[in-house]
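Model the placement of chain B on the given structure of chain A, informed by the hints.
Protein chains: 2
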Amino acid sequence: MSQAIKAVLFEQSEITSIANELGKDSLMGKSLTKLIEDTDAFMALGVEVPGHSEAGGYAHNRHKQNYQYINQAGRLFLVTGEDKYAQYTADLLLAYADKYLKLDYHEQLNTNPPGRLFHQILNEHVFLLYSSLGYSCIRHWLSAEQQQTIIDGLFQPMLDMFTDKYEFDFDRIHNHGIWAVAAVAMCGLAIDKPEYVEMSIHGLKGDDIEGGYLAQISKLFAPSGYYMEGPYYHRYAIRPLCLFAEAIHRHRPELDIFNFNGQVIGKTVKAMLATAYPNGVFPALNDASLTMDICDAGVIVALSLYAKHYGIDDDILGMAQIQDTVWVNACGQALSSAFDNNEAALNPCWASVELNEGPNGDRGAQAFLRMQSNKGDVSQLVMNYGQHGMGHGHFDTLGVSFFNNGQEVLREYGFGRWVNVEPKFGGRYLDENKSYARQTIAHNAVAVDQKCQNNFDVKLADSRHGEPHFFSGDDKEIQGVSAFCRDFYEGVDQQRSLLMINDERLAQPILVDLYRLTSEVAHQYDYALHYDGQIVRTNFDYQTHAELSTLGDDFGYQHLWNVGQGKAKDTTLVSWLQGSSYYTWLTASSEEDEVIFTRSGANDPSFNLRSEPGLVLRRNAKDTLFANVLETHGYFNEAIEASTEARGQITEVKVIGTNEQGSVIEIIAKDYSIIVMVSNQVGVTDESKTSVTFNNQDFQWQGYFAVEVRG
Amino acid sequence: MSQAIKAVLFEQSEITSIANELGKDSLMGKSLTKLIEDTDAFMALGVEVPGHSEAGGYAHNRHKQNYQYINQAGRLFLVTGEDKYAQYTADLLLAYADKYLKLDYHEQLNTNPPGRLFHQILNEHVFLLYSSLGYSCIRHWLSAEQQQTIIDGLFQPMLDMFTDKYEFDFDRIHNHGIWAVAAVAMCGLAIDKPEYVEMSIHGLKGDDIEGGYLAQISKLFAPSGYYMEGPYYHRYAIRPLCLFAEAIHRHRPELDIFNFNGQVIGKTVKAMLATAYPNGVFPALNDASLTMDICDAGVIVALSLYAKHYGIDDDILGMAQIQDTVWVNACGQALSSAFDNNEAALNPCWASVELNEGPNGDRGAQAFLRMQSNKGDVSQLVMNYGQHGMGHGHFDTLGVSFFNNGQEVLREYGFGRWVNVEPKFGGRYLDENKSYARQTIAHNAVAVDQKCQNNFDVKLADSRHGEPHFFSGDDKEIQGVSAFCRDFYEGVDQQRSLLMINDERLAQPILVDLYRLTSEVAHQYDYALHYDGQIVRTNFDYQTHAELSTLGDDFGYQHLWNVGQGKAKDTTLVSWLQGSSYYTWLTASSEEDEVIFTRSGANDPSFNLRSEPGLVLRRNAKDTLFANVLETHGYFNEAIEASTEARGQITEVKVIGTNEQGSVIEIIAKDYSIIVMVSNQVGVTDESKTSVTFNNQDFQWQGYFAVEVRG
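Taken in sequence, the protein lines are chains A and B. When the letters of the first sequence are read in order and numbered with the working numbering, they come out as residues 46 to 756. When the letters of the second sequence are read in order and numbered with the working numbering, they come out as residues 46 to 756.
Certain hints may be false.
One copy or any two copies: either way a pair holds, since identical chains are not told apart in the list.
Said to hold, decoys possible - Distance condition first, Cα-Cα at most 20 Å in a straight line; then the derived SDA-like pairs of lysine to any residue:
(1) K79 / V729
(2) K69 / P95
(3) K79 / K420
(4) K420 / F87
It should be emphasised that the hints constitute simulated quantities derived from the structure, not laboratory data. The model shown is predicted, which means the values in this text are computed figures rather than measured ones.
The following block holds chain A by itself, in its conformation from the complex:
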């Protein structure tokens, strides 16, 4: 204990400040209490270093826990000064040092090379990162001999494996690559081998081009900060990204990392946070679970780091409130103090934002529109008109999801995977991920001729992207977004324009969806919506089927039961109850159109799919406009047997006209109506003037769109 502390991410003064929060009700105090309870419970199980198991199996899980608790116990030793934590950290590290080289490599299962502890070295990188951090917290407490044992038996063999044996994997611009460089650099810092820090920062060649952290953070993110695989993978990469940034900030201050490349670190953290729904859950863009949220360990690190180095506002504090914890580090301490000092009630609504994609920001974008209801609830619309997302990409350009009243309303299916559920194919991606979850029809979008966008060709899809048309997200009453998607189905151009419109007579903003398709020849257009809950009423006749067959044979249709169908009307209405809210969808249609009620789960021999309902509005046309409104209304609470406003206000939706210049529709409520005019002209600006005449009525407006409430 006479030696100075050599922790990679802590200085003595910071430790003192954090220790001062022990037992307090601050975010840091609560974080420490949880950390102590959790660590003590695991330490009671003793030290165990198992051999191999498959992913999700016992040994796999135990190794994951072991690195986590090496890190946690190490930190708690610094904060509490209790020897038992140092002892436990040392015992685990020494046990690994004894066993590591006695373990063979796993069998190679996928493209990711195997490690000695885990089936893929990605996990082994994480092990090195956390065990190095834990080691650095107790290094001064260990004897020189113990230090050498751990280095020789564990750390050096791992470093050799990552930078020599698997050299090809170390220099890679990929989210996994950040784990590799962060792990090697942390270890280099923890055992005083600066050469590993250098190669991690600048790449094996030292040129900042082919590999290394600086190259990665320069190339992985769009100028907006968006990560093309979506928030689910972004939040996984953000953890090593932030840990490494904090380490560089402390140990290579000359790099001024937090201002590097136009503050790319702050930008990409903020972009990730800005995708989240108001309840903190990330929208399932591309392959993703439906429940990953800002309480993920990486996001906790990222939010604390952002707060310390880039500033704190109500949006950040609102997320800290959801997390109810902070990173146990000086960054977290800064956020905790700010949270304590804040006296105003938090009712944050993150600004609407369009996040561009591609290295130059010119490969489409992802839109996140947010608007507060009169009572303060936040509605969020997510629309994808960016890139495909590589191997994890879904074929859902122009697809949307929508959230309000604390729940996702127009729903993403998420990935076809039961993550870490070992009996479900080892927790890995299932066949149904390809055959259903990634297909166009599984999304809230239009599927053409019962096929998938880009014919489910990943390479073709990766070569394309959506085209932003307009984005207007500042207004509190009307916001809008529009984009094109050309030739994703051969010969078919698509434009989707969405508006959120607030009115004092409405419980929540209505969502207006103008989905325009044009083609030289006729196609079958399936406008699909995925909802949850129970159908309450419709305004048209339909037949539920006495026997169920699938909607088709391929492109995801083979997984959808055709539950019932009927002819559409002039305005077709379907209303449903989800949780405590009623929703009514209205669409301008005709008797030529058909409504099909669907349910997922057909051709699912292992019950890998969830059984979920959906709607399809089917139309045969060359050029057409699907004009839809979604109204949120009423309240239902079965437990107290309360129900109000089970029928919405809006009764009709009419297309007045649509052409290359613009689309005009009328939304009719009981005693008022809303005219919505949207520009379809490529290159429209907020100065552009549009003038159209439909049925002898003239409509003129300036800018992207106009909304006129009558009555």
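Chain B only, in chain A's frame:
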């Protein structure tokens, strides 16, 4: 304000004591805060007395709110002394006095006669009860003229309607009847007309036989306190029952109402509370919603009343903790004080209880077994072997439901009704309630020859009941219940025995289910289980169907899709994931048996049914024993991507033998096995000795059952 307070349920000293809690963090303090916020919000809407609407419609809801706020505002006037509450109460009452007689009667829609405000006088009774209580709180504040206006325009016409025009409905031994007498009595007390109090207590004839409160509480409940329609209707009747009891206690102390008839009031309150799941939700016995819980207004009154007049223990405090509120009354004040004074951590597990049915307690029973896991979680088994439950009865004798880890695992479907959802048939019972929800196959029971118990004949079913065999609910490691049900299917006798067995090696008690059927001739036996969540694995081959058809044409089978099926094995295993828990069901079977995966929702033209999964084990036999084990294991959390013990410990279930004396089965886990022996002898006592020989093995035990763990 110079007049003395004449409130039916308050004395001045009680008001002072309650007012003392204003702004405090006690249960009473929190209750007052909520009451004030809620009442102020409604008062801001102003005074509005509308006309007619259908049930669940606007006027209906507004009248309901109006009586509620007359009562709340009246009470708040007493507690806070603020005139605005008296004024609001008076304004509403005077508005009704002005309008009531100008409103025509509703059209008669069902057997319940219509009122002037509501479509059925049941609601009008509730109106009178609450408006009388509210009136009594401000009576001393009103001028004599105002008092007379309210009496002449509102109260007297209602009293006349209930006791004269609808006299036939007033003297009725029925749960609705309690509302009638309580309302009339409260009004009699509030306006000083003791004749109405007398007829309410003793019936129109004054004989305590044909009608009146004393006759009702003597006849409506079994000696155990159980109410035959189940907790959903019990909790609705308990509100006027308790309000009236408290009023009698105060105004007719000579009746010693809380000791009346062997403390029937305390007994029936306790019986109702004892049915609740550990999370406070009531099991859906007979027609019932799945979410009705102890936070219902009536149960809040009942728990507070019980606490004051019958005593307080950890079970009562545990429920108060779930309610997080008390009745704003001297009873609630007593409970709130006790809760404040309690310093021990609450981890209540209500005692297991068998609640007998019928006026003499000899018409079967309902069993509620509860056992705590090693970590303290409460498992609860509910088994029905009582009466049919009249018009709201389900044909599910020997049916069970099972709860642990905070969720219902073997699930009740509940009623076929979207209560108060006006577009769903006015919120009333739907056709599917008869055609599906009340049928045997919709329950966790055996359906014979694809038919319903008692052929869905209510009259026949009401004439019968289950027969208790044994009940043993005191032990912390092993509990059991068994009952017979004879000839509910012609020529078929059924016995179901269930045990919960705890072992230190198990995460939760296992549920052992021995379902024995005997008949002279062969039948098709469908052992049905209704679960929730996702199938994780099975141990047998099955085929999901490419096209779906129904399981049958009648008796609920027409509403079940046959999703897939396969031949059973010696031990058939199906494992699923619900929320964060894994469940594995194992059954002793053979290749002659078939497993069918089902889903509800077929032949459902208006989407009235929920889409829910189920399992059927189908066997053709004369005499047979379904021997099943349900193991609860592991943990899953998608948001943090954690999964442990996705496979359970138990691998096999074997029937060693079964006959008229007893059944013996073996449950085999990885490194131990459990022999379960159950007596089938009618009249078994805990002294009885049973001796059976199967396959040359002798088994002997004393009492109802025996469990032997080997290894």
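Okay, the hints, checked on the actual structure:
no. : hint       : in the structure
1   : K79 / V729 : neither (53 Å within a copy, 52 Å between copies)
2   : K69 / P95  : neither (37 Å within a copy, 54 Å between copies)
3   : K79 / K420 : between (34 Å within a copy, 19 Å between copies)
4   : K420 / F87 : between (44 Å within a copy, 16 Å between copies)
The structure is inconsistent with the numbered hints 1 and 2, although it conforms to all the rest.
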